[in-house]
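Order-wise, the sequence lines are chains A and B.
Convert by adding 30 to the 1-based position in the first sequence; the result is the number in the numbering used here.
Convert by adding 41 to the 1-based position in the second sequence; the result is the number in the numbering used here.
Hints in this document: simulated from the structure, not taken from any laboratory.
A hint or two may mislead.
[To be verified] Among chain A residues calculated to face chain B with C-beta under 7 Å, some are:
(1) Ala98
(2) Ile163
(3) Tyr174
(4) Leu183
(5) Ile185
(6) Val189
(7) Phe196
(8) Val204
[What the hints assert, rightly or not] Calculated Cβ distances over 10 Å to all of chain A for the following chain B residues:
(9) Ala59
(10) Ala217
(11) Val259
(12) Ile454
(13) Asn497
Note that CB positions come from ideal geometry on N, CA and C, so glycine has one too.
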Amino acid sequence: MFDHILSILIFFPALAGLFGFVIQKDSVRAYGVAVAAIEFALSLWLWYAFDANVSGMQFMEFLPLVPAFGINYILGVDGVSLFIIILASFFTMIGIASLSDTKNEKNMIITLLFLQMTMVGVFAALDAIVFYIFWELSLVPMLYIIGAWGGPLRIYASVKFFLYTFAGSLVMLVGMLFMAYYFYQATGTWSFAILDWYRLILPETFQLWLFVAFFIGFAIKVPMFPFHTWLPYAHGQAPTIGSVILAAILLKMGTYAFIRFSLPMFPDASVFFMFPIAVIAIIMIIYTAMVAYAQEDIKQVVAYSSISHMGVIILGTFALNVEGITGSVFLMIAHGVVSGALFLLVGVIYDRRHTKMMSEFGGLAQVMPRYATVFGLMLMASVGLPLTINFVGEFLSLLGFYKQSHILTLLAGVAIIVGAIYMLAAYKRMFFGNVTNEKNKNLPDVNTREWLALIPLAIITVWLGVYPKPVLEPINNSVESIVQLMHEKSITAEAKERIPNLIKDAEAATSAQEAH
Amino acid sequence: MLEPINVSLESLNLMTLAPMLIPIIGALLIITIDIIKGGLHKTLYVGLSLLFLLMDFGALLDASGVFAQNGTVMGVFDVMMIDGLAILSQFIIVGASMLFIPLALTHKRFHEFSYPEFFALFLFMIAGFQFMVATDNLILVFVGLETSSLALYTLIAMHNRDKSFEAAVKYFTMGALAAGFYSFGAMIFYALTGSVEINQIASVLTANKFEDMGFVLVAVVFMLASFGFKLSLVPFHTWAPDVYEGASAAMAGFMSIVPKIAAFIVVMRLFEFLVNSGVVWLEIVIYAFVVVTMTAANIWALIQTDVKRMLAYSSVSHAGFVMAAVLIGTTQANSALFLYWALFTFTNLGSFSMLWISRQKHLPAYQSSDHSYDKFAGMIQTAPMAAVIMAVFMLSLAGIPPFALFWGKIYMISSAVNADYKVLALIMALNSAIAGYYYLKLIVYMFMREPIVGSNGHVYVANATLSLKTIIGFAAIGTIFALIAVNPLLEFITSFVHASGF
Numbered sequence: 031m032f033d034h035i036l037s038i039l040i041f042f043p044a045l046a047g048l049f050g051f052v053i054q055k056d057s058v059r060a061y062g063v064a065v066a067a068i069e070f071a072l073s074l075w076l077w078y079a080f081d082a083n084v085s086g087m088q089f090m091e092f093l094p095l096v097p098a099f100g101i102n103y104i105l106g107v108d109g110v111s112l113f114i115i116i117l118a119s120f121f122t123m124i125g126i127a128s129l130s131d132t133k134n135e136k137n138m139i140i141t142l143l144f145l146q147m148t149m150v151g152v153f154a155a156l157d158a159i160v161f162y163i164f165w166e167l168s169l170v171p172m173l174y175i176i177g178a179w180g181g182p183l184r185i186y187a188s189v190k191f192f193l194y195t196f197a198g199s200l201v202m203l204v205g206m207l208f209m210a211y212y213f214y215q216a217t218g219t220w221s222f223a224i225l226d227w228y229r230l231i232l233p234e235t236f237q238l239w240l241f242v243a244f245f246i247g248f249a250i251k252v253p254m255f256p257f258h259t260w261l262p263y264a265h266g267q268a269p270t271i272g273s274v275i276l277a278a279i280l281l282k283m284g285t286y287a288f289i290r291f292s293l294p295m296f297p298d299a300s301v302f303f304m305f306p307i308a309v310i311a312i313i314m315i316i317y318t319a320m321v322a323y324a325q326e327d328i329k330q331v332v333a334y335s336s337i338s339h340m341g342v343i344i345l346g347t348f349a350l351n352v353e354g355i356t357g358s359v360f361l362m363i364a365h366g367v368v369s370g371a372l373f374l375l376v377g378v379i380y381d382r383r384h385t386k387m388m389s390e391f392g393g394l395a396q397v398m399p400r401y402a403t404v405f406g407l408m409l410m411a412s413v414g415l416p417l418t419i420n421f422v423g424e425f426l427s428l429l430g431f432y433k434q435s436h437i438l439t440l441l442a443g444v445a446i447i448v449g450a451i452y453m454l455a456a457y458k459r460m461f462f463g464n465v466t467n468e469k470n471k472n473l474p475d476v477n478t479r480e481w482l483a484l485i486p487l488a489i490i491t492v493w494l495g496v497y498p499k500p501v502l503e504p505i506n507n508s509v510e511s512i513v514q515l516m517h518e519k520s521i522t523a524e525a526k527e528r529i530p531n532l533i534k535d536a537e538a539a540t541s542a543q544e545a546h
Numbered sequence: 042m043l044e045p046i047n048v049s050l051e052s053l054n055l056m057t058l059a060p061m062l063i064p065i066i067g068a069l070l071i072i073t074i075d076i077i078k079g080g081l082h083k084t085l086y087v088g089l090s091l092l093f094l095l096m097d098f099g100a101l102l103d104a105s106g107v108f109a110q111n112g113t114v115m116g117v118f119d120v121m122m123i124d125g126l127a128i129l130s131q132f133i134i135v136g137a138s139m140l141f142i143p144l145a146l147t148h149k150r151f152h153e154f155s156y157p158e159f160f161a162l163f164l165f166m167i168a169g170f171q172f173m174v175a176t177d178n179l180i181l182v183f184v185g186l187e188t189s190s191l192a193l194y195t196l197i198a199m200h201n202r203d204k205s206f207e208a209a210v211k212y213f214t215m216g217a218l219a220a221g222f223y224s225f226g227a228m229i230f231y232a233l234t235g236s237v238e239i240n241q242i243a244s245v246l247t248a249n250k251f252e253d254m255g256f257v258l259v260a261v262v263f264m265l266a267s268f269g270f271k272l273s274l275v276p277f278h279t280w281a282p283d284v285y286e287g288a289s290a291a292m293a294g295f296m297s298i299v300p301k302i303a304a305f306i307v308v309m310r311l312f313e314f315l316v317n318s319g320v321v322w323l324e325i326v327i328y329a330f331v332v333v334t335m336t337a338a339n340i341w342a343l344i345q346t347d348v349k350r351m352l353a354y355s356s357v358s359h360a361g362f363v364m365a366a367v368l369i370g371t372t373q374a375n376s377a378l379f380l381y382w383a384l385f386t387f388t389n390l391g392s393f394s395m396l397w398i399s400r401q402k403h404l405p406a407y408q409s410s411d412h413s414y415d416k417f418a419g420m421i422q423t424a425p426m427a428a429v430i431m432a433v434f435m436l437s438l439a440g441i442p443p444f445a446l447f448w449g450k451i452y453m454i455s456s457a458v459n460a461d462y463k464v465l466a467l468i469m470a471l472n473s474a475i476a477g478y479y480y481l482k483l484i485v486y487m488f489m490r491e492p493i494v495g496s497n498g499h500v501y502v503a504n505a506t507l508s509l510k511t512i513i514g515f516a517a518i519g520t521i522f523a524l525i526a527v528n529p530l531l532e533f534i535t536s537f538v539h540a541s542g543f
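Using the sequences plus the hints, can you model the full thing?
Below is the structure:
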């Protein structure tokens with residue numbers, strides 16, 4: 031059973047989605063919740079069976095697909111991907127459970143189940159083409175969710191989302207084909223297996239070009255400044271569930287892919303581009319924070335703040351040391367939980383008032399005290415209050431980058447303060463003061479269905495903020511092996527210096543102890 | 042005094058003719074039946090055609106077995122040449138025809154299918170295409186080309202609409218021009234080398250190191266123009282959208298596949314040695330053809346308001362994409378051409394069949410043309426199954442994995458990468474992104490718009506019968522589960538292409 035647990039995790043929701051077609055319209059939500067809950071239980075089982083002390087890939091599966099061209103169905107998880115898979119199944123579950131009344135509910139739930147297949151697939155794939163298949167396929171359900179259930183501009187937003195990402199990933203595909211070709215030239219066999227590619231040491235010029243090709247695909251997905259313009263539209267028009275999945279999981283595909291592909295495959299290019307990317311990341315943090323401050327629509331505030339925090343993740347990733355990358359992986363999970371929760375919360379108020387304009391609200395804390403409490407908690411987590419989940423990730427990311435550059439880290443730190451300003455300002459406008467709008471007088475507080483989704487998120491936010499070790503340790507182990515691989519593979523002197531050598535450091539530490 | 046010529050029957054190797062003779066016999070049989078007893082139902086003729094195509098397919102299987110053992114077989118005074126390319130392309134030709142012919146069994150009655158001549162002409166046409174690909178001789182290519190083209194013009198015109206006549210005449214005029222160009226080109230090659238066999242032409246030209254470059258240039262330009270028309274390469278594509286629009290949807294789907302693969306084979310035989318022999322300007326010219334055809338057709342397709350015209354431009358663009366194989370010219374590229382076209386057959390024939398089953402005889406007021414985008418608005422709500430299948434075909438055409446055409450695309454782009462055509466690979470990839478828009482447009486209409494008031498799902502399957510649905514089912518399964526077929530297909534194709542020295 032453990033041998034194929036990843037395949038089961040990937041294809042169980044899709045299969046269940048197919049069966050979903052025969053379920054009667056009104057019963058389909060219960061079916062969806064049941065399937066998603068089974069999937070979540072399976073992913074927890076995966077965590078249980080996962081050996082946290084092993085840094086390499088676990089639960090590997092192998093099946094030849096197109097052996098003549100080196101394409102194989104290879105799966106596996108390590109500490110980096112494990113928790114994102116769990117997060118994906120978790121969010122699908124609470125997303126379906128808390129789904130507010132939508133038209134064509136059946137189509138929505140089946141689409142979500144297919145989307146879940148692609149999400150798990152992306153994070154479990156260890157073959158570039160299999161990765162690419164799921165990566166592209168994930169666009170289709172999202173296109174449908176935004177385009178069919180979105181706001182007035184939904185078609186524009188969904189098509190923009192699709193084409194932007196599609197164009198980027200085609201450039202990435204060309205990069206993958208080049209990578210496979212270089213591998214073929216070096217070894218004489220075709221292979222798209224990522225673990226095979228890890229062993230290939232490329233000259234620096236090749237690395238730079240390939241890095242750029244992959245970067246375009248990933249950067250659009252993240253989305254990094256200046257490729258971010260599709261995201262506010264997508265978030266602005268998407269239904270709540272679409273925004274939640276998009277922010278919590280789909281954006282993580284880009285940052286995850288940086289760690290899975292760009293860093294270990296092109297260590298020298300990563301060092302070469304470290305500062306340009308860090309500058310982009312900081313522009314992204316500051317600029318989108320300022321844009322967020324100017325928004326009138328609470329959902330746009332959350333959307334821009336989400337982009338802003340993605341900047342911190344990128345910064346941590348390109349710290350190229352264990353602290354930074356571990357922090358960024360942790361922050362991916364934290365950002366998923368927190369921004370997913372914030373989008374859910376925005377959805378709660380949107381269901382009641384059918385507006386997202388902050389000027390329409392005010393004094394909600396008196397009418398909806400529970401709602402205000404949860405919102406406040408998530409907001410504090412979002413700005414990085416210590417003892418909440420985001421703090422751990424942001425702190426580690428910045429700590430990692432501090433080792434590379436003090437000035438840039440300082441700038442990024444300032445930007446986080448800006449984040450606090452706009453979030454608190456938004457909170458003040460919505461929740462404090464007197465109830466000025468008549469329509470807000472009798473709003474019902476959070477109902478059971480919404481509690482169902484919000485309580486687990488609140489618990490995770492605090493739990494992992496106080497005690498992050500169960501998650502942090504497996505991540506740390508896997509990241510260490512990635513960093514060590516990068517150090518060994520790098521060829522330029524600068525890269526050798528920038529990427530720490532963990533074995534040497536460890537030896538130095540033990541010899542220092544012995545000397546005492 | 043003339044010596045009597047003794048030719049032993051064995052040396053003629055008449056078995057090489059078997060795959061072509063089978064459809065010819067079938068066509069003659071159909072005509073004979075009609076003479077003896079007229080007014081028989083179309084199902085009889087569909088059944089007979091299918092039977093003969095099946096036998097044809099069997100003969101091809103036999104020929105492929107022979108090829109796998111003995112290599113290329115020459116026959117009939119060395120005019121026929123059964124090599125790997127000939128066999129692979131005939132598989133595609135006959136296979137696509139077998140998928141096409143049951144589309145005649147529509148729910149509504151259409152004029153052309155009531156004539157047995159339709160089916161006879163169809164089988165003659167198939168034989169013509171088979172002759173065209175199974176020879177090295179420019180004269181036999183011409184005979185095959187004209188046999189099939191004349192039959193095809195008639196088949197289009199038999200649809201019996203104003204637009205079909207227009208389409209047939211337009212296609213005929215362009216085709217006649219192309220035939221003229223072709224014979225001019227062939228004539229110059231003959232004058233230069235004293236031979237009409239492509240391999241002879243190649244060896245003579247290489248032996249004298251292309252000393253008459255000017256004449257080669259003229260010949261190649263004529264040939265390029267001729268095949269430009271047949272393959273609808275930009276700027277010789279102008280007939281394509283109008284002809285596709287005028288022909289019935291099923292016929293348009295057929296035209297986007299079978300005549301083109303036949304022309305591609307001749308282009309491969311003729312041009313690849315020229316490109317690879319270091320004729321630099323030819324490489325540049327074909328490079329330009331490839332890029333312009335892909336890009337311009339994609340941009341025109343963006344602004345179409347009719348799905349059928351959009352698909353017409355899309356197949357022009359696909360032809361440009363595949364033309365890259367002729368430019369690259371490696372074994373991998375040539376294999377990619379066949380892989381692409383085999384997968385394209387399923388997807389494109391499927392999408393045209395979807396239009397075919399929604400064929401209306403009378404247009405409602407809100408519809409400007411038979412297959413306007415508006416017609417498909419909100420299809421997911423009224424005919425969900427049909428909408429999903431259509432969406433799968435569109436996603437496959439756009440190159441979304443894991444659907445069929447993705448594998449053709451990736452292998453083709455990979456062959457460009459491996460032959461160091463970096464920029465071309467990037468252009469091919471980005472063109473797929475542009476193309477994504479217009480395929481997506483149909484999906485947007487089907488899934489995200491509200492249905493037109495008063496429309497029920499019936500219009501989308503108005504013309505459907507069990508046999509049409511079966512064909513669409515085949516096409517859909519082939520499109521969705523291509524993943525499984527890619528590896529055996531690729532190995533088979535590569536071994537055949539490699540064994541024929543391409």
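Comparing the hints with the structure gives:
{"no.": "1", "hint": "Ala98", "verdict": "holds, 5 Å"}
{"no.": "2", "hint": "Ile163", "verdict": "holds, 4 Å"}
{"no.": "3", "hint": "Tyr174", "verdict": "holds, 6 Å"}
{"no.": "4", "hint": "Leu183", "verdict": "violated, 12 Å"}
{"no.": "5", "hint": "Ile185", "verdict": "holds, 6 Å"}
{"no.": "6", "hint": "Val189", "verdict": "holds, 6 Å"}
{"no.": "7", "hint": "Phe196", "verdict": "holds, 5 Å"}
{"no.": "8", "hint": "Val204", "verdict": "holds, 5 Å"}
{"no.": "9", "hint": "Ala59", "verdict": "holds, 31 Å"}
{"no.": "10", "hint": "Ala217", "verdict": "holds, 40 Å"}
{"no.": "11", "hint": "Val259", "verdict": "holds, 37 Å"}
{"no.": "12", "hint": "Ile454", "verdict": "violated, 6 Å"}
{"no.": "13", "hint": "Asn497", "verdict": "holds, 17 Å"}
When the structure is compared with the earlier hints, violations turn up for hints 4 and 12 and for no others.
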